[in-house]
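Q: Now for the letters of each chain:
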Amino acid sequence: MNLWRSLKSLLFPVVDTVPGEQAVPARGTARPSETAGGSGGGGLHRADSGRRPESEPELPDVDSRGTVYPQQRRPEPVQEADLRERERRELERRERPSPWEPVVLERPVSETAWRTRPPESTTYRPDCVTDGWSTGFFTIRAASVRGYEHRFRGTPRQDDIAVAHHEATGTVVFAVADGVSDAPLSHIGATSVCRSAINGMLAALDGPEVEVDWQGLLQQAAWQLCEQARLSLRLPEVDPRVADEQMATTLVAGLVRPLREGPVVEVVQVGDSSAWILQQGGYQRLLRTKHSGDGAVYSSATDALPRVPQVKASTGVLTPGQVLLAGTDGFGDPLGDGDGVVGDHFARALAEPPPILKFAHDLDFSRETFDDDRTLFVLWPHWPKWR
Amino acid sequence: MPENSGNLLPIYVVADESASMDEHIDDLNDGLARLHEALLAEPMAAAKVRFSILGFSDDVQVRLQLADLRRETALPRLTCRNMTVYARVFEDLRARIPDDVSALKGQGYRVHRPAVFVLTDGQPTDGDAWLAQRDQLVDRQVTPAAPNIIAFGIGNAQPATILRVATQQDYAFVAMSEVDISAAIAKFCSALTKSIVHSGRTLGSAQPSLVVERPQNFTMAIDVV
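From first to last, the protein sequence lines stand for chains A and B. Each residue of the first sequence is one higher than the one before, counting from 1 in the working numbering. Each residue of the second sequence is one higher than the one before, counting from 1001 in the working numbering.
Note that these hints are calculated values from the structure, not bench results. Where hints are given, some of them may not hold.
[Stated by the list, open to error] Distance condition first, Cα-Cα at most 25 Å in a straight line; then the derived SDA-like pairs of lysine to any residue:
#1 B:1105 - A:154
#2 B:1105 - A:111
#3 B:1194 - A:116
#4 B:1105 - A:339
#5 B:1105 - A:282
#6 B:1194 - A:154
[As the list claims (entries may be wrong)] Covered stretches of chain A (chain B as the covering partner; in silico rule of three or more C-beta atoms under 8 Å from a C-beta of chain B):
#7 145 to 159
#8 195 to 201
#9 249 to 262
#10 363 to 373
Cβ atoms here follow ideal geometry from the backbone N, Cα and C, with glycine treated the same way.
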C-alpha cells in the first residue's frame, strides 16, 4: 500500500455512508462540535462532504470524581493538501533519518520493518540502561542495550552492568555480565552477579587489606546466584544445578585505582565477556575472547557462573592516552580486532567521553547478523592528574 | 582475527530426486516454498543462514547455492530423475563444503559448522560404495569443516541406513510406518524451518548451537532398529 493510501485510511476509517442514513450518536454526552455549534444533524456526518470519521474514539468529558472538563474543539478536517504535505514530510524523514535512528554500519540488522515487543519477564527489565559520571580522577560511561533479536522476539535483555565509586580510595569498580541464552532466567542471574561483584569489591576496598580476593569474589558471586535462584524459583534449598540451568551467566569484574604510578587496572573474567584498551584508534585485548583461536570453523563453548574456574586477575597500569573498555560478546563479536567499521565507529565515538545517552545510542548500532545484547563500560583517566 | 563481517551458518538440503519420489516431489517443493516464506518473516535469523539445495539421483544437481533467502524471490523446484546413488552425494559434499566455507570466510564472515539435512525415501542403489565417502566427509581430521548431518528417512528408507548417514544418533529420524509420505514430507519441512530459525537465532549469542527439531510423526531411527 502506498503512503498516500495508508495515511488516508488512517485518517478516514469510515468512508462509505449511505446518504440519509443516520449514524447513532455516541452514548452519554453530545459530541463536542455539536455543543460548540458545529454541523449539528444528530451526529450525522456525510463522508463525501464533512470528511469526518463516523466513529472516532472519544474521551469522557467527566472523570470518575465527577469533575467536568471544558469541551475541546473538534479538530478541523484534514484537507488533501495537508495530507500531501504530510506525505512530503514523511518522505523527507525517510531520506534524512532522525539522528536518533540507530547508526547503521554497512548493512542494517534487518531490512524489513518490525516491532519491538515487550519483554516477557516476571520482573521489570528495561530495554536499556545507561549511566555516566566523573570523579576527580576518572570519567566513566556504562550502558547495556537489548539486542535486536530479543526486541524482535519479545525476550528480555540478558546482559547487565553495574558500576560504583569507592570514595575513600578513589577507585572505580565495575561488573559486566551476559546471561546464557539457554538459561531462561539468566537476565536475573546477570543482574545478581553484577551486584554481588560490586558489593564484594567495595567491601574489600573498605577492609584492612584494601585488596580484592578475586577467586573469593567469584565464589561469592556464584553463591549469590544460587541464592537468587532459590528465591526466584522458590526452591526449598539452594541447588547449584538448578541455578546453572536457569540463571547461568558470564562475568567480567574489575577495578581501576588512581595510584601514583598511574591508573592501575585489575580485572577477572568468567566466560567470553572481555576487556580492551583503546589507544589512538587501536584496540588491545586485555582478556581472551572466544575468537582468540583460529579453527576451520567457528565454535564457542563458554564458561559461566555458577561454575567458578580458577582465575588470576589481569593487572596493568594505563598509560597516557589509553582508555579502558569492558564489554560482553555482543560488543566484542562485531568489534573483532577492531580494525574495521565497528572499531572505527567506537574509536570516533569514544575519542572523548560522549553525552550519556549518546553513548547508549552509539552502542545500539545496527549491523547485519549482530543482534545480541550489548553491554559496555568505558573509563577515561583524567591524564593531567598524572603529569 | 580481522573484523567479523557477520556470523553465518551454511545449511544444505540434500533431497532425494530418485524416480520413487515422483509422487511426492511436489509436496517437497511446496514444503520448501513454505520454509522460504517462514524465513522471510524472520529477517534476523534468515540473515545468518546461507542456504543450498542439492538434488541427488544418478548425480548431484545444484538447485540453489549459498543463497541468502531474503534475496530470493522463489526457490527452484526439485525434479525426479532415476536412481539413488549415495556415493555421489558425499563425494560432492566433500568438495563443496570446504570450498563454500573458504569462500564465505574470504568474504570476512565467521562460519559456523555447516548443517546438512538429508531427506531420502529409499535405500542406496550403489551398495556400500558411499560409506567411505561419508566417513571422510564427517571426519574432522580429514575435513576440518566437516558438517553435522541430520538424516530423515521416509518410504522404504531403512533405519540402519539413516543411522549410518547421520553424524549422531539423535540426528537420525524415520517416519513412522503408518504415516503417509506427503504428511511426513510436510513435517520434515516444518521441522527444518524451526531448526533453521532456532539455530540462526543463537548464532550471534554467546552459545551458538545447532538446534534440531524432531518432526512430528517421525521417530529417532534408533527406536525402531
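Q: Indicate, hint by hint, whether the structure satisfies it.
A: Quick rundown of the hints versus the structure:
The hinted pair formed by residue 1105 (chain B) and residue 154 (chain A) fails the criterion: a straight-line CA distance of about 32 Å is larger than 25 Å. Taking the CA atoms of residue 1105 (chain B) and residue 111 (chain A), the gap is about 23 Å. The hint holds against a cut of 25 Å. With a CA separation close to 21 Å, the supplied pair residue 1194 (chain B) and residue 116 (chain A) stays within the 25 Å bound. With a C-alpha separation of about 17 Å, the suggested pairing of residue 1105 (chain B) with residue 339 (chain A) holds against the 25 Å cut-off.
Under the criterion of a C-alpha separation no larger than 25 Å, the hint pairing residue 1105 (chain B) with residue 282 (chain A) is consistent with the structure, at around 23 Å. For the given pair, residue 1194 (chain B) sits about 18 Å from residue 154 (chain A) by alpha-carbon distance, which is consistent with the 25 Å threshold. For a cut-off of 8 Å, the count of residues in the region 145 to 159 of chain A with a CB near a CB of chain B stands at 5, and the three-residue condition holds. Counting residues of the region 195 to 201 of chain A whose beta carbon lies closer than 8 Å to any beta carbon of chain B gives 0, which falls below the threshold of three, so the coverage claim is violated.
Given a C-beta distance limit of less than 8 Å, the hint that chain B covers the region 249 to 262 of chain A is violated, as 1 residues qualify and 3 are needed. Beta-carbon proximity to chain B at under 8 Å applies to 6 residues in the region 363 to 373 of chain A; the threshold of 3 is reached and the given coverage holds.
Comparing the model with each earlier hint shows violations of hints 1, 8, 9; every other hint is respected.
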